[in-house]
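Each residue of the sequence shown is one higher than the one before, counting from 1 in the working numbering.
Wrong hints could be hidden among the right ones.
Cβ pair distances, simulated, as ranges [stated by the list, open to error]:
{"no.": "1", "residue 1": "D193", "residue 2": "D116", "range": "17 to 23 Å"}
{"no.": "2", "residue 1": "L88", "residue 2": "D213", "range": "28 to 34 Å"}
{"no.": "3", "residue 1": "K149", "residue 2": "T198", "range": "23 to 29 Å"}
{"no.": "4", "residue 1": "N241", "residue 2": "D181", "range": "22 to 28 Å"}
{"no.": "5", "residue 1": "A257", "residue 2": "D130", "range": "34 to 40 Å"}
{"no.": "6", "residue 1": "D80", "residue 2": "P170", "range": "24 to 30 Å"}
{"no.": "7", "residue 1": "P170", "residue 2": "D116", "range": "31 to 37 Å"}
{"no.": "8", "residue 1": "D116", "residue 2": "E177", "range": "27 to 33 Å"}
{"no.": "9", "residue 1": "P90", "residue 2": "K144", "range": "31 to 37 Å"}
{"no.": "10", "residue 1": "P170", "residue 2": "E212", "range": "23 to 29 Å"}
{"no.": "11", "residue 1": "D130", "residue 2": "K109", "range": "28 to 34 Å"}
Straight-line Cα separation of at most 27 Å, DSSO-like style, residue types lysine-lysine; simulated pairs [said to hold, decoys possible]:
{"no.": "12", "residue 1": "K114", "residue 2": "K258"}
{"no.": "13", "residue 1": "K236", "residue 2": "K109"}
{"no.": "14", "residue 1": "K106", "residue 2": "K228"}
{"no.": "15", "residue 1": "K114", "residue 2": "K149"}
Since the hints were made in silico from the structure, they are not lab data.
Note that the Cβ used here is the ideal one computed from N, Cα and C, for glycine as well.
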Amino acid sequence: MSDDVRKLLERAALDAGRPVLSTEAVYAGAARVRFRRRAAVACAALAVVAAGAVAVPRLKQDPSLDRISVAASTGTAGADKASRVAALLPAGVGRLEEVSFAVLIKHVKPGEGKRDHLGPLDGEYAVHRDGGVGYLAFEVRSAKEVAAKSGDRVPVADQDLCEAEGKEPPRVDCVREVLPDGRTLTTWSDAMDYGDGTPQWGPEIDGRLTLEDGSVLVLRSSTGFEAKGAQGPLLKTPPLNSAQVRDLLTRPELLPAK
1 MSDDVRKLLE RAALDAGRPV LSTEAVYAGA ARVRFRRRAA VACAALAVVA
51 AGAVAVPRLK QDPSLDRISV AASTGTAGAD KASRVAALLP AGVGRLEEVS
101 FAVLIKHVKP GEGKRDHLGP LDGEYAVHRD GGVGYLAFEV RSAKEVAAKS
151 GDRVPVADQD LCEAEGKEPP RVDCVREVLP DGRTLTTWSD AMDYGDGTPQ
201 WGPEIDGRLT LEDGSVLVLR SSTGFEAKGA QGPLLKTPPL NSAQVRDLLT
251 RPELLPAK
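Construct all of the structure, not just a fragment, from the sequences and the given hints.
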């Protein structure tokens, strides 16, 4: 288990989980609104020509209305975090729900020990798909925290996470990329097979974006866990694959405003 994943588990937010709108619900709701508007137009036209006994056929819903931009539907100031995350994800990922690992795994009371996050979308999100439940987790860490963790051995921007260090096993499928703006992005796979213990986590894909100031954005795409409090069986595959994790890490919406 990498330091990034271990740190995410240790610092699981104590925010209470709450159900939120899924991407599917947003699409369906918008389609219903559009249909009602078209139906209203049809009724108005029928009233105008009623004297002439002209029949107006029932309008057929435009198939293109079945899917619209999630971002367009959740662009209000009060949009919840899970809907904002859903707007950044590719189609077919699943239904999102903001949760708390502390509540699910440690069984603390919802609302206890809340803490501030650096990133606007930091937190844990359950991903419901095909009868299983996986998780996405985001956390922005300050340069000071990262430096303290590494002991200032190597400048954060120069660290190569694909190279094994100490007793840590080498990261599987590890890809390190230096972006044009100088940031470093790394993704890898983790089988999470570390013997007995609770909870038992399923395989996942992890990612880390290192910014020039030394702060980092950590992302987990997990198939889920097995333990008391589990919301469902493991997903067959992580919510996001390596390429999708890479793309999501580059989204500015996950980073604190400058």
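Outcome of range test on Cβ distance (D130, K109; 28 to 34 Å): Since the Cβ atoms of D130 and K109 sit about 31 Å apart, the hinted range of 28 to 34 Å holds.
Range hint 27 to 33 Å (beta carbons of D116 and E177) holds or violated: holds, 30 Å
Verdict for N241, D181 (Cβ pair) under range 22 to 28 Å: holds, 24 Å
Verdict for D193, D116 (Cβ pair) under range 17 to 23 Å: With a Cβ separation near 34 Å, D193 and D116 fall outside 17 to 23 Å, so the hint is violated.
Restraint check for K114 with K149, where alpha carbons must lie at most 27 Å apart: Measuring from Cα to Cα gives roughly 22 Å; hence the hint holds.
Hint check for D116 and P170 - Cβ pair distance inside 31 to 37 Å: Given range 31 to 37 Å: holds, Cβ gap about 35 Å.
Beta-carbon spacing of K149 to T198 - inside the hinted bounds 23 to 29 Å or not: For T198 against K149, whose Cβ atoms are near 25 Å apart, the range 23 to 29 Å holds.
Proposed proximity, K228 with K106 (alpha carbon, max 27 Å): Status holds; Cα separation ~10 Å.
A257 versus D130 beta-carbon gap, inside 34 to 40 Å or not: Cβ of A257 to Cβ of D130: about 36 Å, so the range 34 to 40 Å holds.
Satisfaction of the hinted span 23 to 29 Å by the C-beta atoms belonging to P170 and E212: About 26 Å separates the Cβ atoms of P170 and E212, which means 23 to 29 Å holds.
Pairwise beta carbon distance, L88 to D213, judged against the given window 28 to 34 Å: violated, 23 Å
Hinted pair K236 and K109, Cα distance within 27 Å: Not OK: K236 and K109 at ~30 Å, beyond 27 Å, violated.
Consistency with the previously given hints fails for numbers 1, 2, 6 and 13, ordered from lowest to highest.
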